[in-house]
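Two chains, each in its own frame: build the complex with the hints.
Protein chains in written order, with the numbering used here: chain A, 1 to 228; chain B, 1001 to 1143.
Just so you know, these hints were derived from the structure itself, not from any lab.
Beta carbons: idealized from backbone N, C-alpha and C, even for Gly.
Take the hints with a grain of salt, since some may be wrong.
[Claimed, not checked] Some chain A residues near chain B, calculated using beta-carbon distances under 7 Å:
#1 Leu9
#2 Arg40
#3 Ala43
#4 Ala47
#5 Ala48
#6 Met51
#7 Ala52
#8 Arg54
#9 Asp190
#10 Leu192
#11 Ala194
[Claimed, not checked] Distance ranges between label pairs, derived from CB positions:
#12 Gly145/A - Ala1114/B: 52 to 62 Å
#13 Gly124/A - Gln1003/B: 40 to 50 Å
#14 Glu59/A - Gln1003/B: 52 to 62 Å
#15 Gly167/A - Ala1020/B: 20 to 30 Å
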Amino acid sequence: MIIGTRKPLEEIQEMVKKYDRILLAGCDTCVAECASGGRREVAELAAALKMAFRLAGAEKDIQEASVDRQCVHEFLLDLVEAGQDRDAILSLACGAGVQALAHHLPETPVFPALDTQFIGETAGRGLWLENCRGCGNCMLGLTGGICPISRCAKSLLNGPCGGARAGLCEINLAREIVPEVPCAWLQIYDRLSALGELDRLLELSPPKDWSHGDAAGPRRVVRPDQQA
Amino acid sequence: MSQKVTVVVMACQQAVPDPALFLGPLEKAGLRARVVLEPCSSKVEVFQMLRTLAGEADLLWVVGCPEQVCLLVEGSFRMTKRVAHAQDYLREIGLEPERLGMVQLPAGNQEILAATLSDIQDRAQALGVNPARAGAPLAKEQP
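In isolation and in its complexed conformation, chain B is listed as follows (with noise of 0.2 Å):
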């Protein structure tokens, strides 16, 4: 990867207490990170993930806790309806769905966060850099 690429996490402070547990591991990884701390993962709207790519993602992640512990009921429910509906977005814009990952996290999950962790580096080094995101190299216009 010849530039560093930027991870944005938004995550429900239930599931992610401490912003440091992906703090540390991405940024030891290579990779700019930041973390967003949601009241819940539903909080995060459609238009706060395509903004959050258009303006400085290269990867987002979005961070529920599992359905069934959600202090809102249905919030990660909801968070991942929105999800998919943002990643149906992305394949008509044409970029990468896979530039937005989600996780139900259950507190305290070392193994669950360990995987995360594993796929989101992954997928940076896989995608690179976010062509559609502001600041990076435009592509040749097209007639």
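Bound-form chain A, shown alone (with noise of 0.2 Å):
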């Protein structure tokens, strides 16, 4: 899923200060997993906006509004229906949600409300992970099922880099990270081992075709048979 941080509020209230009358819009799907963009998030957001501009001088006419799926056209239009009052709409959705809204929206100004991170894993109450880039050519059939590309500081295709310390990536010794990230490559020969596949080790990848990915400008997925 898409894991987002709320900005800070000083930002955000700069964003819509010049604004009366404003909506802010949730996603109940990835970023209200990840307690950064969904319902609650937005009534905690509106709450807070409230008083900030309050202790500002300014009384500020906030309505909230919540999808399902910010990014989806079908679940989208309820909130375009609440926009169509407001001055300005603060949304709460990755940056896919703000601009599919912005898209359906294009006389009133949308603003993010949250810095979209990554994709990710909940890997435990209030932590998530970076395990995925969207590279476009997956590998993890190759690496037992662990992202060298993600969770690799180095995204290092063929083996771990010297800097490995008792199993943690090297980037512990630069700054303090809590939980300590491991070294990647020794998560994926452990892996392997435990499989009885460390053979694959033995294929060498090739370096990887980054046309797929995002190097190549704005990616594409066409599938006819799912059009109208």
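Put into structure tokens, the structure is as follows:
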């Protein structure tokens, strides 16, 4: 899922300060799961903004709304309707949701309340880990289901660098990271060893074709069988 | 205080079986008070705390049981985390985080109850009306 984090309140306030009627638009899927943009967080931010603006001497008309998926046209329509009489919209979706909303409301300013971070996994309560870069050419089948592109700090394709210490990636030496970042290639080795498939490591991966990733401009997937 | 201070208490009903435990003394002290009984203090969400402070309260107190006797096992633990998160939000807003208080109150413990009531009255006296709540006079608009 997409992981996002709320922007600092001051930054959000600055973006919308010149508007009086504001819609806060949440998304109840990915960013709700990571507790940054679902209907609860919409309610938190609405109350926080009302208070912050009052302290600055302004009374704002702030409405709240949320849909299951802000990045899907059919779900988005409720927000488009709710946004019709608003001066501005503050979206708590990921960047895809913000843009979908902006596309459907060409005459209304739409602002992001979140910083979209990465595609990740809920690894524990309050802990989300990046484990997919969307490289467009998945190699998890070769690496025991552990992605070296996202989980190795250097995105190495054929084994570890020389920096790992005690099973940990050397980036832990540069700054304190809690929990510590393990060496992805050690994890791959351990996993393949447990599966009895260490021979996979004898296959060298060729240089990656990054043209499947974000190096060749905006990507698109077209499925004629799904189209109207 | 020129305006009556409003205190909202959101309390676990195991810790506070009778709202009068708070209502009586707080009203007697000249405060306007409302007690919301909860099945557990962990049921109080961050957005409810912020909404309450934005809508009606000058002070908000969340009352739970001590962590080791919480009926929902980790309810009081979660309440502590949520109150801390809401206080962080208040700092960002520019409002005193002391307007949001919490206590772990063993049911029937008169000593901690009295100390809590005294703490609430002291903070009401020190902080006064919440300038960020609805109905409070607006600060002079900034450019």
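These are the hints, each one checked on the structure:
no. : hint                             : verdict
1   : Leu9                             : holds, 4 Å
2   : Arg40                            : holds, 5 Å
3   : Ala43                            : holds, 4 Å
4   : Ala47                            : holds, 4 Å
5   : Ala48                            : holds, 5 Å
6   : Met51                            : holds, 4 Å
7   : Ala52                            : holds, 5 Å
8   : Arg54                            : holds, 5 Å
9   : Asp190                           : violated, 32 Å
10  : Leu192                           : violated, 38 Å
11  : Ala194                           : violated, 33 Å
12  : Gly145/A - Ala1114/B: 52 to 62 Å : holds, 58 Å
13  : Gly124/A - Gln1003/B: 40 to 50 Å : holds, 46 Å
14  : Glu59/A - Gln1003/B: 52 to 62 Å  : violated, 18 Å
15  : Gly167/A - Ala1020/B: 20 to 30 Å : violated, 59 Å
This entry does not satisfy hints 9, 10, 11, 14 and 15, going by the numbered hints stated previously.
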